[in-house]
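Undergrad: In this note's numbering, the protein residues as written are 1 to 144.
The set of hints was computed from the structure by calculation and includes no laboratory data. Nothing here was measured: the structure is a model prediction, and the numbers come from that model. Heads up, a few of these hints could be off.
Below, in silico cross-link-like pairs of lysine to aspartate or glutamate (EDC-like), each with a Cα-Cα straight-line distance of 16 Å or less [unchecked claim]:
no., residue 1, residue 2
1, K142, D119
2, K113, D89
3, K113, D131
4, K36, D89
5, K105, D131
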Amino acid sequence: MKAHKVGWLEYFMDIAEMVSRRGTCDRKRVGCVIVKDRRILATGYNGSMSGAEHCDDAGHMMEEGHCIRTVHAETNAIAACARHGISCDGASIYINTLPCWICFKILVNSGIKHIYYRDDYPASNKDKVFDHAARVDVSITKVE
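Start from the sequences, fold in the hints, and give me the full structure.
TA: Have a look at this one:
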């Protein structure tokens, strides 16, 4: 019997889910993978800045209901591209959670053109992200 070969969408979303398992903030483990021409450029997960204590070890640093100790997965992936001189222009990102407003803006300014995600972020964020995505020519697709 021939094995089923997964499609690219499922493949990259599964990688994003696996990457999320490296996350170090138990409030929400988010993982992502930036892809261009079916090649992985970078991955990212939510965790503290390099060299700093992680939430899982030191606890959360809360301000206005958000943990500010954590650098979001998308920001970490973009930072990895910047550190290694890799352009994200025209790339896609696969994330297990819809980006927050701040990460969405960073993704747009880095040149990301397609966002694929599984889980929603709070509804007020979702409306703002989707409204602006249409204005800046970025496609967003929810993957079931």
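Undergrad: Does each hint hold? Answer for all of them.
TA: Hint by hint, here is what the structure shows:
{"no.": "1", "hint": "K142 to D119", "in the structure": "holds (8 Å)"}
{"no.": "2", "hint": "K113 to D89", "in the structure": "holds (8 Å)"}
{"no.": "3", "hint": "K113 to D131", "in the structure": "holds (15 Å)"}
{"no.": "4", "hint": "K36 to D89", "in the structure": "holds (9 Å)"}
{"no.": "5", "hint": "K105 to D131", "in the structure": "holds (12 Å)"}
Against the hints set out earlier in the document, no violation occurs for any number.
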